Amino acid sequence: MLFFSFFKTLTNQTVTIELKNDIRIRGTLKSVDQYLNIKLDDVDVLDLDKYPHLSSVKNMFIRGSVVRYVMLPRSEVDIGLLEDATRREAANQAGKAR
Amino acid sequence: MPAPESNMERLPMNENPAGAHHGNAPQGFPPQNNTLGPMSQGPPQLPPQMFTTAAQLLDLTDKKLVLVLRDGRKLIGVLRSWDQFANLVLQDTIERLYAGNLYADIPRGIFLVRGENVLLLGEIDLDKEDDIPPHIQRASFQEVFELKKKEDGARKVGDKKRHGKLQTLGFEPEHSGEILF
Amino acid sequence: MSFFGFNTTLPRDRAPAGEQRGIFDTPDPFAEVARARLAANFRDDKDDDVIDFEDTYDGLGDQLDDDQDAFNDDTFGGGFDTGPVGKDFDFFGKTAQVADVIGEEQIRYSLQKPGAPATAPSQPTADAALPDTADQKPKRSGYEKYNDPGYIPDLQAKSSVWGMSKKPEQQFQQQLQQLQQPTPQMVAQAKKMLSLEEVEAQLRRQGPSSLPAQIPLSLPQSMPEPTQPLQRAQMPPLPEGFPQLPPEILQAQFAKGVPPALLQHQPPMVPEPYPLPPNLPIHMLQNANLPPQHMVPPQRQAMPPAAQRPQQQQPPLPQAPRGNNVQLPVITNSQQLMHLTEEQRVAYLMEDAKRAKRNHKIFLLSRGNGLMTPQDKNFITRIQLQQLVAAAGNVADSDAEAVLAEDFYYQVYSQIRGAPRQHPHQPLGHFAQTYLLQTGNRLGGHGSRRQFQSADNHMQRMQQQVQRAVEAAKQKPKNKQLIIEGSLGKISFSNAKTPKPMLNIKRPESSEGAKTVKKPHTDLSVSDRKSVLTNLESVYSTLMDMEDMERTMPPPPDENDPEAIQKHMEWRQKIRSLNQKLWRNLKVMEPIVPNTNTPHPFIAFLAYPKGKKAIPRIFRHIDQEQRVTILTMIVVHLDSLDVVRRAQPVPGETQPSLAVREAIELFSQAVMPSLLGYVNEAPFNIIIGLLGLVIAQTHVQMISRTRIGLGILTMLLSRAEIVKEAGQATERDWQQWVEKFNVLFDTLEPTFADIFPSAINAGDDMYVWQFLAAVGIGASPEQQQRLVIAVKDRVMETVTYSKTLPADMASARLGNVNLFMRAIGLDVELLG
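Chains A, B and C are the protein sequences, given in the same order. Numbering-wise, our numbering puts 83 at position 83 of the first sequence, and it's gapless, one number per residue. Numbering-wise, our numbering comes out as the position in the second sequence, counting from 1, plus 98. Numbering-wise, our numbering comes out as the position in the third sequence, counting from 1, plus 279.
Since the hints were made in silico from the structure, they are not lab data. As the structure is a prediction and not an experimental result, all values here were calculated from the model. There could be a bad hint or two in this list.
[Unchecked claim] Derived DMTMM-like pairs (lysine to aspartate or glutamate); straight-line CA-CA distance at most 20 Å:
| hint | chain 1 | residue 1 | chain 2 | residue 2 |
| --- | --- | --- | --- | --- |
| 1 | A | Lys20 | B | Asp223 |
| 2 | A | Lys30 | B | Glu221 |
| 3 | B | Lys246 | B | Asp257 |
| 4 | B | Lys172 | A | Asp49 |
| 5 | A | Lys50 | B | Asp228 |
| 6 | A | Lys58 | B | Glu244 |
| 7 | A | Lys20 | A | Asp49 |
With the hints as extra help, turn the sequences into a complete structure.
This is the structure we're talking about:
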């Protein structure tokens, strides 16, 4: 749940998402769910000429499994906290495996 | 030596500034009441409901959408129903075929799409949908279909080459066996 | 119509839609309406065209041989001697569970809506007796919340969902009657999708007198149910000279540049004249960024009395078209149109056409609205919430730890960056449960209690349900296999635990490759990268354990309560053992090996950013003795400290590399405050000892060329001065100090000029002036003189340089110099 927990803190931030088929979409992260599906508002498709089917799209639901990268605003990430959260997650996983 | 306490980096759960005098048992932690009384006020977090697939699809219900499937198909229709797996029901669907600078529409009807095949789901701006980008032209289905077949073939060959090269370097293809676009 | 209310006609059977066109770009947008009417007609005339079973039955059933049924029991396992069938075929049981849920929803619904009977959807209800209720209830288009960012779906029910619609025949009869008498009632009834022409026609017939002064209703709201029988023949006759211009065509004309004057003769969007002050200034008219209903002919604005719209509790605010910032006046009158400039008129008509077009589209889309009911959506949301809660563990026993474990980042982050009014010491919130309770309270606590009571109940019920679900999940043995309930077909092969490998690097067959892997662990030192990183992680996990312990600290024990005392003792014991663990992992007590290239493990620890960052957290959990030990270790190893060793000036470079500067910055911000915090309270003999260590163990000239080195020295010197000023130093101690100080001064004197960053403009040199000030204060008059001679050039240089700087920067630079000058009783002012 670490990534879910993490992305939840980025709601209403502007992110750029690169899909596994190379489409890059910038927009406001409205919501994320446990599968890391992403809802983007006010989207802006980079290289729109190549993807005419997205030309009139304003909001988007992106399935988590097709996301390659999410580019996020650095200032909105608490790195120390994230490190600790990662440690906890690792400890949890180790605890569960046992 | 200045005392840069003020710009010390923020530390998680660190209620006291570092360097403050402490005994071995830190002060400032009142006894915890872990029972959740009816009046307890949690931190002002967003409701967990916001972070569900349901919340994401709620706004898209009964809207005209473009659905891109993992095999690259583009369907345009009205989202009528869905569930937590993002399985979808689309009504009055057309499939729009793109190839080169051409496109063609094929009326399809009702779709029930299994969630795992969904790539993205975009809400169409009704005011903008008729502004087809100027470099794109409508053509007959046959024409677009033939062109697309050619394009797909060419891309498949290219992908195979690329994957072959990457695999020798130890990279497994990101979406092995599937055409994703 | 089909069961689900879909349009089941195949594409080939549909009304002519052009060659291969989707329904969304049919050239005649009203064809859909016509089709809906056709469909409705078909339903009403079902007696005429329905195929008779008897006509088509081929009689095959008569040829069945009933005798063969004798073996049915063998095939299907019937008969008396077979055992119980078991649960495998208990479809009813499963169905009943679902039915219970549905039933529950239904009961809840009827509780919320006291007027609505909790009957099965198929039964006709009393509603049918109330004409105009169902069909006047505007159909939600789904676009009402178009641009409300804070939109949270209301979970209220709609009666249509529960089968409140009327019998078609009855409805039709009523409608027929109403259509025959053109009354306001009829207008409301005919508020089905009228073509613009039809609306015009009505307007003309009714004349200006019937202009209703009512709250306007947005157009999408007043969309009719398309299934209503609406026959064109019964429509008011179209006035002559009104060509049927669908909005798209109109727009197309504009696009082609048809002069608007031409269009004025047939303004299909503009109602007939209404008396309005002809010279109404444009700025008095509202701007056109307004909800569409202002543009709608008044007849459409006729709204059924509130009582007849039970479902529409709060008509959503009409939405302005998005991204339309053109300032246009509102036109309610065609004369007004004449007063506009050409440009405005075109813009206005364009805008109006666009709006009409969009509204029409929305109408077309809205035909199937409500297939998914709010209950359905709610239900799925609840399923997901349950999953989330179940994943986060425990709701029932308020185990904050479990929630923390699964949602740590979000929980803490929202506390850190959340609104300041929250209580910092609050146990970190519970996930869904907190929210559910909170909402219940919030809604119940405010004003209109009655209205929210059902929501209150609903939330409580939801919470109970979540708890039940979690209880059930806990009792069920953990399923080892990956089975997703309700999933069909094969499921993904990779998951979080066994992700699909993206890298597949084959190890070379050569023997060397294999050897490196097998390299024994033993010859690694305590300071190799891997060991240090392992130590680091152990330190962090111990720290987190200790921080968790703090949260669970029991209240101060009551002397008369042995149990509380016991608890407290145990807690202290745990903390103590964690402290020992932390101390071990820090490796501070590892023996110091002189003359080696391998850094001490603790110094290696500090070379990593996360090692530096850990120091303030560590200092909170250790005692004074441990703190002085750490400080001593740092002082003894000053010249092997990464921020000193790597910060040595390189000839030709004005400043250290970026990475080193970052390390220095981090050390200054994370480590120095902790050290300073200790030094400020340290007894004088410790300060003397530390200075002695610096002199004896390190290359003082080398460390004095670095910011951190000078910082440590400044720290010690200034503390000694404070102790002296406060009169806390004994004569003997002070003598010892002066001795050490003199050694330091003599060692440094030849290099005083070299401790500055090489170039005068190379950035901040305040730390140097601070150090010099600390030296100057403790120095004898003779030493002060030597000091001035040593740094005089730099002082003059800085004074000169500052004259070329803007005033604020100049005064900052001079202020730094003055820090030193005043320490020895001088001032830059004296230099002129």
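_Just to be careful, I want the Cα atoms of B/Lys246 and B/Asp257 compared with a cutoff of 20 Å; is the pair within it?_
Holds: B/Lys246 and B/Asp257 sit about 16 Å apart, inside 20 Å.
_What's the verdict on A/Lys20 and B/Asp223, does the C-alpha distance respect the 20 Å limit or exceed it?_
Violated - the C-alpha atoms of B/Asp223 and A/Lys20 are around 25 Å apart, more than 20 Å.
*Measure nothing beyond the straight line between the CA atoms of A/Lys58 and B/Glu244; if it is 20 Å or shorter, mark the hint as holding.*
Given pair A/Lys58, B/Glu244 is violated - Cα atoms ~31 Å apart, limit 20 Å.
*Do the alpha carbons of A/Lys20 and A/Asp49 lie within 20 Å of each other, as the hint requires?*
holds, 18 Å
*Pairwise hint evaluation, A/Asp49 against B/Lys172, where the allowed Cα distance is 20 Å at most*: At roughly 16 Å apart (the allowed maximum being 20 Å), A/Asp49 and B/Lys172 satisfy the hint.
*Holds or violated: A/Lys30 to B/Glu221, with C-alpha atoms at most 20 Å apart*: holds, 14 Å
*If you draw a straight line from the CA of A/Lys50 to the CA of B/Asp228, is it 20 Å or shorter?*
Status holds; Cα separation ~18 Å.
Checked against the numbered hints given earlier, the structure breaks hints 1 and 6 and satisfies all the rest.
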